[in-house]
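In case you want the letters, here they are:
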Amino acid sequence: MKTRIKELRARDKLTQEELAKMVSVRRETIVFLEKGKYNPSLKLAYDIAKVFNLQIEDVFLFDND
Amino acid sequence: MNMRNTKFILFTLIGLTLTFAGGIAMYSTMTELVVTDYLIYSAIGLIAFFSIVVAFRNLKAEKKGLIVEDELSRKIKEKAAANSFTASIYLWTMILLFTIDSNIRNETLLGIGIVGMGLIFIGFWFYHNNK
Chain A
5 MKTRIKELRA RDKLTQEELA KMVSVRRETI VFLEKGKYNP SLKLAYDIAK VFNLQIEDVF
65 LFDND
Chain B
1314 MNMRNTKFIL FTLIGLTLTF AGGIAMYSTM TELVVTDYLI YSAIGLIAFF SIVVAFRNLK
1374 AEKKGLIVED ELSRKIKEKA AANSFTASIY LWTMILLFTI DSNIRNETLL GIGIVGMGLI
1434 FIGFWFYHNN K
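Line by line, the protein sequences give chains A and B.
Just so it is clear: in the first sequence, position 53 is 57 by the numbering used here, and no numbers are missing.
Just so it is clear: in the second sequence, position 79 is 1392 by the numbering used here, and no numbers are missing.
Bound conformation, chain A alone:
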């Protein structure tokens, strides 16, 4: 799964730490998400999408593989 978190963070001028604080996770979790190494829970995906005022599918790009 790919994410647009890095791109959206840059758009909103947010650091990884700030985003982590906003969605109540560790900064390392944001790093893992940006690298596509971790599939978040539905709640975390929803919280992150909410920060960027987008739908989950606009932030997390699912592929069929």
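If you are wondering where the hints come from, they were derived from the structure by calculation, not from laboratory data.
A virtual CB, placed ideally from N, CA and C, is assigned to each residue, including glycine.
Check the hints yourself; a few may be wrong.
[As the list claims (entries may be wrong)] Quick list of the computed label-pair ranges, beta carbon to beta carbon:
(1) B:Ile1413 with A:Asn43: 25 to 35 Å
(2) A:Arg15 with B:Glu1382: 43 to 53 Å
(3) B:Phe1324 with A:Phe66: 38 to 48 Å
(4) B:Phe1439 with A:Asp67: 25 to 35 Å
(5) B:Asn1318 with A:Leu65: 31 to 41 Å
(6) A:Glu22 with B:His1441: 48 to 58 Å
(7) B:Thr1325 with A:Lys39: 30 to 40 Å
(8) A:Glu21 with B:Met1430: 32 to 42 Å
(9) A:Phe66 with B:Leu1410: 42 to 52 Å
(10) B:Lys1377 with A:Lys39: 13 to 23 Å
(11) A:Lys39 with B:Gly1335: 36 to 46 Å
(12) B:Leu1372 with A:Lys47: 20 to 30 Å
[Claimed, not checked] Derived contacts from chain B toward chain A, CB cut-off under 8 Å, selection only:
(13) Leu1379
(14) Val1381
(15) Leu1385
(16) Glu1420
(17) His1441
(18) Lys1444
Let chain A serve as the given structure and place chain B on it in line with the hints.
Showing chain B alone in chain A's frame:
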């Protein structure tokens, strides 16, 4: 976990490590330590060092207002625990197989097994954290 808890854990860890180190120092004056003793004590020291580093890191994160445990860290811990459980079965089997006719004391074997389990867990935790 709040900052007070983390501070308590950190000070307890440091206290226990110092007490343990003092105990070993006193013990070493009464009896001569052998290689296996040094190995076990070094491994215990490594586990204590690792725990203190993690506690310091958590305290630093909490001071910044960040949380120290989330869904990913719990998942990593669970994976490391599951893997180290499987690995420890092999470890104990090996210990039993290779020491069945040896003169090594039971206490030493138990020490090797328990410390080994701790080290295996740390190894898997690092692996999953940096995968």
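Falls inside 25 to 35 Å, the C-beta gap from isoleucine 1413 (chain B) to asparagine 43 (chain A)?
46 Å, violated
Does the hinted range 31 to 41 Å hold for asparagine 1318 (chain B) and leucine 65 (chain A) at CB?
Between asparagine 1318 (chain B) and leucine 65 (chain A), where Cβ atoms are some 38 Å apart, the hint holds.
If I claimed the Cβ atoms of threonine 1325 (chain B) and lysine 39 (chain A) lie 30 to 40 Å apart, would that claim hold in this structure?
About 35 Å separates the Cβ atoms of threonine 1325 (chain B) and lysine 39 (chain A), which means 30 to 40 Å holds.
Could you check if glutamate 1420 (chain B) really has its C-beta closer than 8 Å to a C-beta on chain A?
39 Å, violated
Go through the hint on histidine 1441 (chain B) and say holds or violated, using the shortest Cβ distance to chain A against 8 Å.
Violated, because the Cβ-Cβ distance from histidine 1441 (chain B) to chain A comes to roughly 10 Å (cut-off 8 Å).
Has the hinted range 43 to 53 Å been met by the Cβ atoms of arginine 15 (chain A) and glutamate 1382 (chain B)?
29 Å, violated
Interface hint compliance - valine 1381 (chain B) to chain A, C-beta minimum distance less than 8 Å:
7 Å, holds
Taking the least C-beta to C-beta distance, is lysine 1444 (chain B) closer than 8 Å to chain A?
7 Å, holds
State, for the Cβ atoms of lysine 1377 (chain B) and lysine 39 (chain A), whether the hinted interval 13 to 23 Å holds or is violated.
22 Å, holds
Aspartate 67 (chain A) and phenylalanine 1439 (chain B) - C-beta distance against the hinted 25 to 35 Å:
About 30 Å separates the Cβ atoms of phenylalanine 1439 (chain B) and aspartate 67 (chain A), which means 25 to 35 Å holds.
Distance restraint hint 48 to 58 Å, applied to the beta-carbon atoms of glutamate 22 (chain A) and histidine 1441 (chain B)
26 Å, violated
CB-CB spacing for lysine 47 (chain A) and leucine 1372 (chain B) relative to the 20 to 30 Å hint
Given about 27 Å between the Cβ atoms, the range holds.
Of the hints listed earlier, those the structure fails to meet are numbers 1, 2, 6, 16, 17, in rising order.
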